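Use the sequences and the hints to build the structure in full.
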Amino acid sequence: MATNLVFREFLNSIRQRLINRGLRRRTARARRLRQPGWSKAVILCESLEDRTLLTDFGDAPLPYPVTIAEGGPQHTESGPTLGATRDGEADGTHSANADADGADEDGVTFGPMRVGQLDATVTVNVQGGSGKLDAWIDFNGDGSWGGPGEQIFDSVSVTTGDNVLSFDVSNYALAGTTFARFRLSSAGDLGVGGSAADGEVEDYEVTISGPASASGVFGGQKTISTAADGADSVFAADVDGDGDIDVLSSSREDDKIAWYENDGDGNFSAHTISTTANGAHSVFAADVDGDGDIDAVSVSTYDNRVTWHENDGAQNFTAHTVSNTANGAFSVFAADVDGDGDTDILSASGGDDKIAWYENDGSQNFTAHTITSAADYAWSVFAADVDGDGDTDVLSASGFDNRIAWYENDGSQNFTTHTISSSANGARSVFACDVDGDGDTDVLSASVNDDRIAWYENDGNENFTTHTISNIADGARSVFAADLDGDGDTDVFSASRFDDKIAWYENDGTESFTLRVISTSAAEAVGVFAADVDGDGDLDVLSASFSDDRIAWYENLNLDFGDAPVPYPTTLAQNGARHEINGPTLGSNRDEEGDGTHSANADADGADEDGVTFGPMRVGQLDATVTVNVQGGSGKLDAWIDFNG
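Counted from 1, the sequence shown has number 345 at position 345 by the numbering used here; the numbering is strictly sequential.
The reader is advised that the hints may include incorrect statements.
As the list claims (entries may be wrong) - Below are the EDC-like pairs computed for lysine to aspartate or glutamate, each with C-alpha atoms no more than 16 angstroms apart in a straight line:
# : residue 1 : residue 2
1 : K222      : D265
2 : K222      : D263
3 : K222      : D549
4 : K222      : E261
What the hints assert, rightly or not - Estimated spans, in silico, between C-beta atoms of each pair:
#  : residue 1 : residue 2 : range
5  : R618      : D263      : 51 to 59 angstroms
6  : Q574      : S157      : 50 to 58 angstroms
7  : T207      : T514      : 25 to 33 angstroms
8  : A573      : Q631      : 29 to 37 angstroms
9  : Q631      : E253      : 31 to 39 angstroms
10 : T85       : K222      : 49 to 57 angstroms
Hint data in this document are derived by calculation from the structure and do not stem from the laboratory. What you are looking at is a predicted structure, and each value in this text was computed from that prediction instead of being measured. Think of the CB as a built atom: it goes at the ideal place given N, C-alpha and C, for glycine as much as any other residue.
This is the structure:
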């Protein structure tokens, strides 16, 4: 209390000095104004000098950087504003809902956002002149804005008034509440923290919806390409910016990085990015140069190379070498490791046991930094804020020491190694997300020698408990996680090489997983990914398979279900009746659902049930009649009535 009184007295003394100084200056200025020939320019300068410029700060909750001590964002109160108001403060203040600044946050209005959505919109109101906008959304909810695709605007020019802008919601996003940061300035090119000479910062709590409810029943394999010779990885992004999901691949035997243009109807045209990636092993997509289009990043095993492929906006790609010393490079990832607002690159290389990151200076000059050279046969790399302290940590899977590890970033990119598990026999893939929905980052792995898909539960203090999801993924090579059935929890899926299998593991909400097979015809399946390929709001699955040179996708089907009451089988879990959405219909309407719904009067489907009209029925009656209206072609009818109730 005494400290607060002393501080208050100090502030009062400063305030009184400013008042006295202002009075003295106004008196002196009045005298000067009475003198003939006094310059109007000097008067203007003195008027500006009298202004006391304060600083605008953010107000996101911990662990996002907000205060001066945390290196939070600071904007001098001049120049353009987000909306009509801007407040000035002595320091930033964390708030649970990013609303401590009150009426100050009036510049940004979000449209709906959904996991994997392309061209989501936000309206940014700018006052006081044009500027440059930098903005982030913590899509994966890990407490940092450094994850893949989380910088949604990089020095985008905005003008006075409403600016309607579009962005893509990352495939790595998790449904739920998260936080966004918008920074407006004259200069642009800002990171999530640090000072700006003018403008404003506004933090927001935002909600990301989950994928549309889906059956989790997948159609047959749809081939994108059979010309990816020795296909090793698959990725998805809107490469050409036309509003649908395109696909990328790396293939080892033909040294190729390719992308496959989606025409919007799930038909793909192949385009070559490079044929000189010697032993191309992994591909990732990100806007490396911040120019608003999607570039590609790759590693190639036989030439030890990390490369980024610059998209000129018309999908002409120029290769730039990031490193040629990643000995036996296997895996690549992109994230903002140092939080400076540009995209850095990470690699795992098995020949030198190295996990490395390559610092982007903002002009795509990369400086190599070794995180560790003790990941024995390093195979996979990933980035996320594992410890929830607001910076980007790194994870790895290494095959000869059977290790899943994470590397703690101290905020200055000094990394400390922590072992999560040393029993992932032949570890091949690592992934990080909040599997159990408790607000911290968990970890997943695939390991080839023990056929295991596992997840490692973070207790919030980075103590990890191992849980086996499956030990029958024969030659497990790749793992990914997303809400595949749209029920609000995180499901897991895998590619396993020796049983040619693409599978998903349905989470019941308590982290009990049920195996669902998507395909057993992906010959030597080595890569798996999820994205909304057909634009229907749910997540589909993609695969890369080595021995048939195939990139393929599998449609997450919306089906037509029944709606009889319990105990009649209706839902997927009950093996209820379900029909794909094609062919003839009963009546003129047919609805699409992710699962069946019981209803007391078998009427949950509403207008859908317009195909059958019953005549009178009496116990023992012969030749009762029913009228069945069929649309869309001929078909075969099977029907039942529970006569004994």
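Here is what the structure says about each hint:
1. K222 - D265: holds (12 angstroms)
2. K222 - D263: holds (15 angstroms)
3. K222 - D549: Holds. K222 to D549 sits at ~14 angstroms (cutoff 16 angstroms).
4. K222 - E261: holds (15 angstroms)
5. R618 - D263: 51 to 59 angstroms: holds (57 angstroms)
6. Q574 - S157: 50 to 58 angstroms: Between Q574 and S157, where Cβ atoms are some 55 angstroms apart, the hint holds.
7. T207 - T514: 25 to 33 angstroms: holds (28 angstroms)
8. A573 - Q631: 29 to 37 angstroms: holds (30 angstroms)
9. Q631 - E253: 31 to 39 angstroms: Violated, since Q631 and E253 (Cβ atoms, about 50 angstroms apart) do not stay within the stated range.
10. T85 - K222: 49 to 57 angstroms: holds (52 angstroms)
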